[in-house]
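These are the residues of each chain, in order.
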Amino acid sequence: MKVYAGIDIGSRTIELVVVDIQGNIMDFIQTDTGFDPITEASRILAGVPHDQIMATGYGRGLFETAFDDAQTITEIKAHARGVVSIFPGATTILDIGGQDSKAIALNNGGRVKKFEMNDRCAAGTGKFLEIMAKNLGFSIDEFGVAALDAKNDLSINSMCTVFAESEVTSLIAKGADRKEIARGLHLSVVKRAAGMINRVSSLGPIVFSGGVANNPCIKALISQKLGRQVLVPEMPQRMGALGAALILAEKASESD
Amino acid sequence: MNIEPLMNDGFDGEPARRVLRYMEGHKEKGHPIVGIYCGYAPIELIYAMGIVPTVLCAFSKAPIPSAEAILPANLCPLIKSSYGFILEGTCPFFSMSSAIIAETTCDGKKKMFELAAQVKPLHVMDLPQLPDEVEALDNWTVMIRKLQGFLEKTYHTKATDQTIETAIQKTNRKNSMMRKFYDYAAIHPPVINWQEMYDVGFLALPSTGDEMIPLLETLLEKLDKRVEQGVHYGSPESPRVLVTGCPVGGDALKIFKIIEAAGGLVVVPDACTGIKAFMGKIEENTPDPVRAIAQRYLEIPCACMTPNDRRLSSLSEMIEKFKPDAVVDFVLTACHSYNVEAYKVGEYVGERHGLPYLKIESDYSDNDEGQIRTKIEALFEILG
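Protein chains in written order, with full-length UniProt numbering: chain B, 1 to 256; chain Y, 1 to 384.
Hints are not guaranteed to be accurate.
[Said to hold, decoys possible] Calculated cross-link-like contacts (lysine-lysine; reagent style DSS-like; alpha-carbon spacing at most 25 Å):
hint, chain 1, residue 1, chain 2, residue 2
1, B, Lys114, Y, Lys61
2, B, Lys113, Y, Lys344
3, Y, Lys359, B, Lys113
4, Y, Lys359, B, Lys191
5, Y, Lys281, B, Lys114
6, Y, Lys281, Y, Lys225
7, Y, Lys158, Y, Lys146
8, Y, Lys61, Y, Lys257
9, B, Lys191, Y, Lys29
10, B, Lys114, Y, Lys146
11, Y, Lys110, Y, Lys120
12, Y, Lys222, Y, Lys170
13, B, Lys113, Y, Lys323
14, B, Lys113, B, Lys151
15, Y, Lys222, B, Lys114
16, Y, Lys110, Y, Lys29
[Claimed, not checked] Computed from the model, here is a short list of chain B residues facing chain Y with C-beta under 7 Å:
hint, residue
17, Tyr58
18, Ile76
19, Val112
20, Met117
21, Cys121
22, Ser158
23, Arg178
24, Lys179
25, Glu180
Simulated from the structure, these hints should not be mistaken for laboratory data.
What you are looking at is a predicted structure, and each value in this text was computed from that prediction instead of being measured.
The C-beta atom is built at its ideal place from N, Cα and C for all residues, glycine as well.
Let the sequences and hints guide you as you build the complete structure.
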């Protein structure tokens, strides 16, 4: 039986998903990207047999150069395909990864209709949350939980990471509550995300994918801000790799 | 497919070097040269006085750090680059110009021109930005006449209604041939690519009708031959892209290069560096040729104008003719006019023509090529 691998080489993590021709998940591996993505990718690929491979994510070009037989698709198409396999009727996707955030609108057939993606700035991405968690002395897992727990909303006005850092420093100096600062930072990410979502679609539930979807506070605030249901797939960070693998399996089953 | 270079003069792909050689030829003959930055500089009047217009450097990231010592860093890269070249003295076209013509198209340029005026004689034309007001035409006509006065004084030369009329007629012929040239991109798949359009447009802009028309005749013959031989770029499936928005040149060419690398074909470069420069026709044989020039220039659909509905109707004409599969709007960082107008353009292109639209906001640096590439590839995936 043939199996199809999807590999999502993101700025923070690499995910590898292997599916069979029916699209059943056979294998899933996740690792940190580090500073040598190709070595990391080769390491997790060793011992995972696959017949074809599709790369996505910011490292897809590098991967294509290193592995002759690799095909590539953008993370936008990959996440869309991954999400549709879990939520077949999805019309709106929010994908926040390490370095990029995207809002994607799908048509009835689950195909990408429209998308918005951040420009080069890391504001509103996982990287931003990671830096801010560190500044406040939270682990990334504690950060969202603490923010969810804050009693009051506090506003952070700087969009840019370094400016937000100095804003946080001055809030700490004023004796502001750590949890409330955390919530303010989450709100600033949500403000950006909500703007992107509104530009692509205004109705229906939002499927939240990418690593930041594991953050319970971002999820709750988006739902609250937009008045829309927010659905998070199990292991949202693997939607890109899953989508890439499924697209290969689909092609193979069509040509059968 | 191996395609023979279009001009085949050793400068293909390096239009700035070709134009530099052309300008040096004029300089050797002792012809006076005036520097221009923008499509609102009335080149027919310049030609009519025996002066050669030269487009000044504005598209390289190299001199930007020098400019940022004086200009704010969050200013549009085109203005910073232009001024950086002046400060560093590295633009050969600026060096050979005796004076500079400037227009009040945007606030950033307006204030930068005040600084540049300390370096070289510089004449600012007050551009009416409500082109549909009845006074706009009168006012712009006055501004062109004032420019005439400035040039007459600076260059000790004269223009007459007759020399202006002759220049108008020659430009009209040159521009109509340029439009014929771009028609080869409307063919499916296209017979010219973005590099060739950029090369020819770069040369055509400062050249007179007399110089450009014979060259265009040979180029059109070569292109007819390509059509006969079935020579073309890409394949019938390659996505066809209309690129609208801010001027594209030098380091901003990354947008064209990324579209091409993603398998797309730029079939309409609609900007002051593309087709826009050669659109429209100046009315001939009128009692007031300067007024006829003013009329044509006020019709340029630049985002500095308000309202700018001409941009939308001109987009419709281009879409109908060149049949693009998608529209990419290239906005330079901090170019507020084009950036705000982008929303209207996106809605229009989608609703009127059902085409996918993508705005790319960028500058001359290369650190966002990965993100631009993802956006362009995702746009093409939508089409696929």
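Now the hints, each set against the structure:
Between B/Lys114 and Y/Lys61, the direct Cα distance comes to roughly 32 Å. Violation of the 25 Å bound is thereby established for this hinted pair. Restraint check: the Cα-Cα separation between B/Lys113 and Y/Lys344 comes to about 19 Å, which is no more than 25 Å; the hinted pair holds. Straight-line distance between C-alpha atoms of Y/Lys359 and B/Lys113 comes to about 15 Å, which keeps the hinted pair within the 25 Å bound. Our distance criterion of 25 Å between C-alpha atoms is met by Y/Lys359 and B/Lys191, whose separation comes to about 20 Å.
Annotation: proposed proximity of Y/Lys281 to B/Lys114 is violated, straight-line Cα distance about 38 Å (limit 25 Å). Proposed proximity of Y/Lys281 and Y/Lys225 is contradicted: the alpha carbons are some 28 Å apart, above 25 Å. Distance check on the hinted pair: Y/Lys158 and Y/Lys146 sit about 13 Å apart at the alpha-carbon level, within 25 Å; holds. Restraint check: the Cα-Cα separation between Y/Lys61 and Y/Lys257 comes to about 17 Å, which is no more than 25 Å; the hinted pair holds.
Proximity of B/Lys191 to Y/Lys29 is assessed by CA-CA distance (about 62 Å); at most 25 Å being required, the pair is judged violated. Restraint check for B/Lys114 and Y/Lys146: not satisfied, since their Cα atoms lie roughly 49 Å apart, outside the 25 Å limit. Under the criterion of a C-alpha separation no larger than 25 Å, the hint pairing Y/Lys110 with Y/Lys120 is consistent with the structure, at around 15 Å. Among the hinted pairs, Y/Lys222 with Y/Lys170 is consistent with the structure: their alpha-carbon atoms are about 23 Å apart, no more than 25 Å.
For the given pair, B/Lys113 sits about 20 Å from Y/Lys323 by alpha-carbon distance, which is consistent with the 25 Å threshold. Our distance criterion of 25 Å between C-alpha atoms is broken by B/Lys113 and B/Lys151, whose separation comes to about 39 Å. For the hint linking Y/Lys222 to B/Lys114, the alpha-carbon distance of about 40 Å lies beyond 25 Å, and the restraint is violated. Proximity of Y/Lys110 to Y/Lys29 is assessed by CA-CA distance (about 33 Å); at most 25 Å being required, the pair is judged violated.
Interface hint status for B/Tyr58: upheld, as the beta-carbon distance to the closest one in chain Y is roughly 6 Å, under 7 Å. Taken as an interface hint, B/Ile76 checks out: its beta carbon lies about 4 Å from the nearest beta carbon of chain Y, inside 7 Å. Among the interface hints, the one on B/Val112 holds; its C-beta lies about 5 Å from the nearest C-beta in chain Y, closer than the 7 Å criterion. The closest approach between the C-beta of B/Met117 and any C-beta of chain Y is roughly 6 Å, which is under the 7 Å cut-off, so the hint is satisfied.
Interface hint status for B/Cys121: violated, as the beta-carbon distance to the closest one in chain Y is roughly 10 Å, over 7 Å. Look at B/Ser158: its Cβ only gets to about 15 Å from chain Y, farther than 7 Å, so that hint breaks. A cut of 7 Å between beta carbons decides the hint on B/Arg178: the least distance to chain Y is about 32 Å, and the hint is violated. Evaluation of the B/Lys179 hint against chain Y yields a violated restraint, the C-beta minimum of about 33 Å exceeding 7 Å.
At a threshold of 7 Å, the smallest CB-CB gap from B/Glu180 to chain Y is about 31 Å, leaving the interface hint violated.
In the structure shown, a violation is registered for the earlier hints numbered 1, 5, 6, 9, 10, 14, 15, 16, 21, 22, 23, 24, 25, in ascending order.
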